[in-house]
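Chains as they are written, first to last, in the numbering used here: chain A, 1 to 258; chain B, 259 to 521.
Please keep in mind that the hints were generated in silico from the structure rather than gathered at the bench. It should be emphasised that the depicted structure is a prediction, and the values quoted were computed from it without experimental measurement. We treat Cβ as the ideally placed atom computed from N, Cα and C, and that holds for glycine. Heads up, none of these hints are tricks.
Just some of the chain B residues that point at chain A, by a computed CB distance under 8 Å:
1. 333
2. 335
3. 363
4. 367
5. 379
6. 380
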Amino acid sequence: MSSATRLHNNAIGWLLPALVIAGWEIASRAGVMPANVLPAPSAVAEAFWRLTLSGELIRNIGVSTARALAGFAVGGSIGFALGLANGLSTLSRGLTDTTLQMIRNIPHLALIPLVILWFGIDEEAKLFLVALGVFFPIYVNTLLGIQSVDPQLVEMGRVYGMDRRALFFRVILPGALPAIFVGLRYALGIMWLTLIVAETISASSGLGYMAMQAREFLLIDVVVLSILIYALLGKLADSLARLLERLSLGWHPAFQNG
Amino acid sequence: MTAASLTAARSFVATPVRPIGSVEGQRAFAFRHAGKRFGDKTVLDGIDLDVPAGQFLAVIGKSGCGKSTLLRLLAGLDRPTSGSLTFGVAEEGHSRTRFMFQEPRLLPWASVVKNVEVGLTGIASGAEARQRALDILGEVGLADRADEWPSVLSGGQKQRVALARALVGHPQILALDEPLGALDALTRIEMQQLLERIWIAQKFTAVLVTHDVAEAVALADRVVVISEGRIALDLDVPVERPRRRGSVELARLEGKILDRLFG
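With the hints as constraints, model all of the structure from the sequences given.
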């Protein structure tokens, strides 16, 4: 597919959101949609401008993004390391997999009361929840990826004299990469979800906090703005993951014409 | 070039008999009373097989007769449970044996030339490896596909890349486990001719496991039939090269082998 058609397809994806916003604006102006239920997009844009000028919006986005990335880095690297270890060593898998599968079945957001008791409403609480939420998709998919590497290719590598290091970097890791990317994209979604919930319940800064504050003062335009920004940040993270995917999985038939 | 060397060169080309050169008289490998047992199931039993360097040996048998196990022993993928396997040049052996599988087994995430470079693991790297890989790709007729992904190649082309990967390190022994079995009839004949041509040029010892008797007599100097873990027939194919497919001589040998397999 040429870059022109790819651009074209990306543009098509934005058509529907644009139409929804246009319809919403018209409905608000016509008085069909009362402003205390849903403010007009123009009002939301005004709120956006106001909060940008005061610096409040940028600050809160910065705080939330830093939290999300820190939690992702911690949970993601532990999940990746354990996934590799358990994929490569039966001993390690025997030791830890059962425990991990048990913990996985607890919804991590159910731990919020406990986490507040442990950490209060400080940064550690959010970091812990995001890390825990991100951990499992990365762990499960890394493990799955390594286990699904074609054993015939591994045998071929051995026959051709690859040592363990070469076997890992040239056969096992590239073979596991498609599954690892699935885990990454899934983890990014969980990352935002967890952070929003955690910030809404207990925080003194960040996007979730901004939305809750606005609710107290009935600033419904700011509430809607926060929700829209979540949507955009989520989309941004997903696009970045897809770009990485396309760059590193160029060999995969699914990416050769997409 | 002098007249004498010209004549010599011409007679070299015209002689259908393969020049053995420096490896003449040497032994490539020998099995002595070799057996392989998995649990209480005996797969190979009392195999005695002496193969001179440079010979093209075909191993035939029904499925499950132990012919693939013989090849795995040769490549060092398994060890004999009884008897021995010795190589002509002691310190080389397994490391100079290359294996060509039934499937191409190319790394889908590596370009064609990078896949061929896998055959140089521990032998060469960097620019030298790339140059050697490109040279051998030229020999199998895929020089122009070097930087493509394996997924865009046809089945026959993939198997040619696998052949290039097996040969790029100049092995002394090439073990082939039904590598042409999955190809269509025409591609198969093309691949047989390519294999024969490269074998004549590179002077390695070839051990081809196949279930195709016609393929065996068309390519090999010697055909060994394995039945129930033992060598049931050891037959020379004294037909000059280039061989004509479907000739009376080949058909007679083919009949003899089939009789032994089903008689």
